[in-house]
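Enquirer: Full structure from sequences and hints, please.
Per my numbering, residue 1 is the first one in the sequence shown, and the count goes up by one each step.
It is worth saying that the hints were derived from the structure and are not from the lab.
If you're wondering where the values come from, they're calculated on a predicted model, not measured in any experiment.
Certain hints may be false.
For each label pair, taking beta carbons as the anchor points, the in silico distance ranges come out as [said to hold, decoys possible]:
id, residue 1, residue 2, range
1, A113, I2, 29 to 35 Å
2, R94, M1, 16 to 22 Å
3, D97, Y57, 24 to 30 Å
4, R58, Y117, 24 to 30 Å
5, V120, D82, 26 to 32 Å
6, P16, A113, 31 to 37 Å
7, V119, S3, 27 to 33 Å
8, A112, G52, 31 to 37 Å
9, C27, G73, 18 to 24 Å
10, R88, A112, 28 to 34 Å
11, H7, S84, 31 to 37 Å
12, S3, D110, 17 to 23 Å
13, Y117, P51, 34 to 40 Å
Glycine is no exception: its CB is placed at the ideal position from the N, C-alpha and C atoms.
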Amino acid sequence: MISGSCHCGAVHVEIPRRPPSVTNCNCSICRRYGVLWAYYQAKDVRVIAKPGAMQTYRWGRNALDFVRCSNCGCLINWQRVDPSKGTRMGVNMRNFDPLMLGPVRIKLLDGAASMDYVVVEAPPP
1 MISGSCHCGA
11 VHVEIPRRPP
21 SVTNCNCSIC
31 RRYGVLWAYY
41 QAKDVRVIAK
51 PGAMQTYRWG
61 RNALDFVRCS
71 NCGCLINWQR
81 VDPSKGTRMG
91 VNMRNFDPLM
101 LGPVRIKLLD
111 GAASMDYVVV
121 EAPPP
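Expert: And the structure:
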């Protein structure tokens with residue numbers, strides 16, 4: 001497992017493996033959050049939080065919940081409101097030590113218009 005946390009340490013996240021790539025989306029919410037998403041099945045991600053440490057913002061025609069630390073405000077993940085629509089979740093990789101993750105490809109997603117991946121950047125050498 002690979003572990004990360006919000007800035008204040010009230011919320012910790014564990015993922016099963018290093019992602020092969022991360023997504024930089026330019027939709028109206030992701031560009032404001034400045035996140036890099038990695039995608040996992042919800043059952044494979046463990047979020048550990050102190051009581052009252054997380055807040056949820058429901059977005060996208062009430063389709064997605066964005067979860068953040070209620071103390072420092074770091075965005076932790078998004079998850080579907082209705083699990084019957086899929087069990088994939090996005091984990092904000094900015095909460096993980098970049099050295100622990102190693103080099104990773106960054107995929108640019110045009111979430112503002114086409115929902116197509118437009119550029120794939122190679123990992124740094």
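Enquirer: If I claimed the Cβ atoms of A112 and G52 lie 31 to 37 Å apart, would that claim hold in this structure?
Expert: holds (34 Å)
Enquirer: Okay, C27 versus G73 on CB: inside 18 to 24 Å?
Expert: Hint holds: Cβ distance 19 Å, inside 18 to 24 Å.
Enquirer: Looking only at beta-carbon atoms, does the pair P16, A113 fall within the given range of 31 to 37 Å?
Expert: Check passed, 33 Å falls within 31 to 37 Å.
Enquirer: Check the following: the C-beta atoms of Y117 and P51 are separated by a distance inside 34 to 40 Å.
Expert: With a Cβ separation near 39 Å, Y117 and P51 satisfy 34 to 40 Å, so the hint holds.
Enquirer: Given the hint of 28 to 34 Å, is the C-beta distance from R88 to A112 inside that range or not?
Expert: violated (21 Å)
Enquirer: Assuming the hint says 31 to 37 Å, is it satisfied by the Cβ distance from H7 to S84 or not?
Expert: With Cβ atoms ~34 Å apart, the hint holds.
Enquirer: Verify the CB-CB distance for V120 and D82 against the hinted window 26 to 32 Å.
Expert: The hinted range 26 to 32 Å holds for V120 and D82, with Cβ atoms some 30 Å apart.
Enquirer: Within 24 to 30 Å or not, the Cβ separation of R58 and Y117?
Expert: holds (26 Å)
Enquirer: Given the hint of 17 to 23 Å, check if S3 and D110 actually sit that far apart at their C-beta atoms.
Expert: For S3 and D110 the Cβ distance comes to about 31 Å; the hint is violated.
Enquirer: Taking the beta carbons of A113 and I2, is their distance inside 29 to 35 Å?
Expert: Check passed, 33 Å falls within 29 to 35 Å.
Enquirer: Honestly, do V119 and S3 meet the 27 to 33 Å range at C-beta?
Expert: holds (30 Å)
Enquirer: A range of 16 to 22 Å was offered for this pair. Does it hold for the Cβ distance of R94 and M1?
Expert: Between R94 and M1, where Cβ atoms are some 18 Å apart, the hint holds.
Hint compliance for this structure: hints 10 and 12 are not met, and every other hint is.
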